[in-house]
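Novice: Using the sequences and the accompanying hints, generate a full structural model.
4 protein chains.
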Amino acid sequence: MWLHVSCKLVFDIEIATPFILMLRPRSGAQQWVESDEFKISPNVPIIEYTDGYGNLSQRLVAPPGKFSIYTNANVKTSELLDVAFGAPFVEIQNLPDDILCYLLPSRYCESDRFNDLAMSITTNLLPGYNQVAAIEDWLRNTISFIPGSSDFPISATEVNYKQSGVCRDLAHLGIALCRSLSIPARMVVGYLYQLEPMDMHAWFEAYVGGRWYTFDATQSGPKGGYVAVGYGLDAADVAVFNQFGPAVFPTEQMITVEQINN
Amino acid sequence: MWLHVSCKLVFDIEIATPFILMLRPRSGAQQWVESDEFKISPNVPIIEYTDGYGNLSQRLVAPPGKFSIYTNANVKTSELLDVAFGAPFVEIQNLPDDILCYLLPSRYCESDRFNDLAMSITTNLLPGYNQVAAIEDWLRNTISFIPGSSDFPISATEVNYKQSGVCRDLAHLGIALCRSLSIPARMVVGYLYQLEPMDMHAWFEAYVGGRWYTFDATQSGPKGGYVAVGYGLDAADVAVFNQFGPAVFPTEQMITVEQINN
Amino acid sequence: MWLHVSCKLVFDIEIATPFILMLRPRSGAQQWVESDEFKISPNVPIIEYTDGYGNLSQRLVAPPGKFSIYTNANVKTSELLDVAFGAPFVEIQNLPDDILCYLLPSRYCESDRFNDLAMSITTNLLPGYNQVAAIEDWLRNTISFIPGSSDFPISATEVNYKQSGVCRDLAHLGIALCRSLSIPARMVVGYLYQLEPMDMHAWFEAYVGGRWYTFDATQSGPKGGYVAVGYGLDAADVAVFNQFGPAVFPTEQMITVEQINN
Amino acid sequence: MWLHVSCKLVFDIEIATPFILMLRPRSGAQQWVESDEFKISPNVPIIEYTDGYGNLSQRLVAPPGKFSIYTNANVKTSELLDVAFGAPFVEIQNLPDDILCYLLPSRYCESDRFNDLAMSITTNLLPGYNQVAAIEDWLRNTISFIPGSSDFPISATEVNYKQSGVCRDLAHLGIALCRSLSIPARMVVGYLYQLEPMDMHAWFEAYVGGRWYTFDATQSGPKGGYVAVGYGLDAADVAVFNQFGPAVFPTEQMITVEQINN
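Residue numbers (the working numbering), protein chains in the order written: chain G, 1 to 262; chain H, 1 to 262; chain Z, 1 to 262; chain W, 1 to 262.
The hints are simulated quantities; they were obtained by calculation from the structure and are not laboratory data. Predicted, not measured: the structure shown is a model, and the values here were computed from it. One or more hints might be untrue.
For identical chains, the list gives no copy identity; a pair is met inside one copy or between any two copies.
In silico PhoX-like links for lysine-lysine, alpha-carbon gap of 25 Å or less [as the list claims (entries may be wrong)]:
(1) K162 <-> K66
(2) K76 <-> K8
(3) K162 <-> K8
(4) K39 <-> K76
(5) K66 <-> K76
Specialist: Dropping the structure here:
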């Protein structure tokens, strides 16, 4: 299916503020970006680079006053998620080198503390996809998904204690559980078609059966329509914007995802 | 200045043909790509990757029949080229690691055979920018620039023997001469505003005074308006399209570069 | 100064166990590895790769039975650490792209929670080296360094609560404090000449004044003799060994660091 | 089998001369470097980096006077080369991204000019390994291997015209022929056990059946004992030493390869 996605952010800047942005989707194995636009106003110098996870990032210094960022893209993505019950666990010695980092604990995914819970959720299951699917189900049934309930990232341990969270929180806990079983898992931030309420979204991917599969405990069924804009170990790596100096927050934020014919 | 650039290629394919394309400009130190579009018809699967020189490349298999590629972008670039007489030669030991490869001879730039000529062109000049500027002048005065006179790349040695060539040929000879003086030099393919006749263009960059400078012996004066789509050692690395199997040639090719307000 | 460093690890393996090792020092800006040796017994297949932080890592599957790893190297390193009071804070917009990741919070360095403490430690100080030196002093005076007091990594928050820790713990807290001031900081694991008691060691580096400087709150004065074997965001990235499956611990561990003439 | 390899180079330097060296073997899929030593005298500063092909390279400035480099290593490598008649040609669309560069023509391998010859050598053969084996045989039977007959690299076209050459020359022609058939091929420089006369050696690898295979038209049979020190497109990328400024040549050069028990 083809989607037109857009994100508008407006800030009220008091002092010149360095920003690092991650709002430009890239083409990859799971999506094709046919066109994209990235506008800032006022038109300050902007430098684009590729980060260690392959994400396109933009660096700029926002000047005092109103500062706006508007990005949009036309992207081809799958209408249905791939489902692969039975896809096997990949033995550590057979994982590609560049996948190994997704086994490590990270800021918001303390996988070194979740082995017991992960074992209890996945008892007697075939190692691999089935374990991840069970983790996703457990999240769906156990952790209340409450959009808008959190302003800043908390860690998997904190999410598990609260038993509720935003999409990012459920993803963090899912990732921590997967990694504690030695299944590589990573955070994805992006857009989702028909998300309610519409916003930027977060989900996770797990590496089983020789490839990445998408999991999202905030949704049900294999409905697709995902457009990734950033990949990383967790929310620390895939902030839509990182801003330095005194905190500034968007005074306006507008996300759209529409199906188009192409 | 802001430019709208576009390239349309149409092929008549007889048997399924793998392509590697390099037609998507990236943002970098010298240009900012605000928007871009990359359309193919029919809509076969396409995979994008970043090559060893940082270029965005697309892989696909064109099916039999009419196959078209249409790309365009809005890009901010300089109206005037930076000129820096006196910018010094960078000692080998001070070159960044990732610049060193641009000292080596390559397929179409046999820099190992051009030291005598380069020395004679640059006698008594301050090492660095002034040498490259002298090489550019020498090319402009010595090698006849005849657009459309060549269908496939020839090497600097062959260009020097012919004493004439297309833009690519002059760039190859310029690069070979620079490298023979231990000045890193690289090929650039892209668009140029007001190029006559309009076409994809090729020029070269030399690394002096701690950064890359643009040189183009086919033009006069420091007129800018360059939009890079690919960087490499020479034309072998920056073919706008690489096609495998029985040769196919575009049945239609349309390039545009227009100034826009933004 | 020249150092001969060695590490011997012996394990008693019950079931075939995948390992990822990080025990091979590399040459870099701060050290030159003239020779090195990496022996395992029994001689199972071993694959070496470079991780995302540039570390040489080795992958293997240890078979059941006694399994030993022995590595050693002759390394040239500085006798005294560089000290640079006054070296300035690098503005975010001027940091090299590949340094930016060292600003982010990580598993054991929750820098997003330490801004108040960091501000109070560095009140009125010139931004940059002086702030990091104050953080190092504060660690030295506040957090009791108790070698051998911990078996597994705890996070900066936990270290600050305990007010004591091993070298790794002090480094984690130092890194979290630096990053909370937008100073890039990274973990280093390696050898230290005359460390008491001798063991693998951990310290941190901060990026100020355009380069990395070494800091170590467990030592006093600018004494050098450091040999790095791994760099990363924190201990999650630079485990000397990562082992998968049921936990195994060394039954023997022997570290040596001796000064040599070369 | 285990080999102890060593290379000693001595230069008589007149003016301070920048060098880039490639004499340090790395562990990889085909060899394991258990120990290595890299000594220079006098002991000037030396910086090691990894080039775009993954080779360890060293940069230094040799001071006036006698300058020597001595490297050695203990390496585990195969006693017999893998032979895989029938291993299939990999379709372009299925080649890994980072293999694609080995399809391109390069300085000493003008593969864009060898398609007719390659077709005639491989008529009616199964695409893939069998074609490369036929090319190797053709080289062995057609191009006289004359060690020591050349001081500097010449290109495949020149080798084919001369009908004789050193190991490097045969490798260049072999690579050009493979690439002209869209088979990725790369140059390897290193050591070979029982090479006569003993010297640094060059051979090539071709990518068929999903992996790299070794080919060496200067030897007969599947005898192994190869230790790679550098990989690249051709000799331009894998010079054991690159030196800048007025040419200097080794006044002494000593290569050894001995089998050891380990």
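Novice: Given a CA cutoff of 25 Å, do K39 and K76 count as a within-copy pair, a between-copy pair, both, or neither?
Specialist: both (21 Å within a copy, 12 Å between copies)
Novice: Is the C-alpha distance from K66 to K76 at most 25 Å within one copy, between copies, in both cases, or in neither?
Specialist: between (33 Å within a copy, 22 Å between copies)
Novice: Can you give me the call for K162 and K66, within, between, both or neither, at a CA distance of at most 25 Å?
Specialist: neither (37 Å within a copy, 45 Å between copies)
Novice: Up to 25 Å between alpha-carbons, please classify K76 paired with K8: within, between, both or neither.
Specialist: Classified as both; 21 Å inside a copy, 21 Å across copies.
Novice: Check K162 against K8 for me: Cα-Cα at most 25 Å, and say if that holds within a copy, between copies, both or neither.
Specialist: Cα proximity of K162 and K8: none, with 31 Å in one copy and 44 Å across.
Taken one by one, the earlier hints fail for this structure at numbers 1, 3, listed in ascending order.
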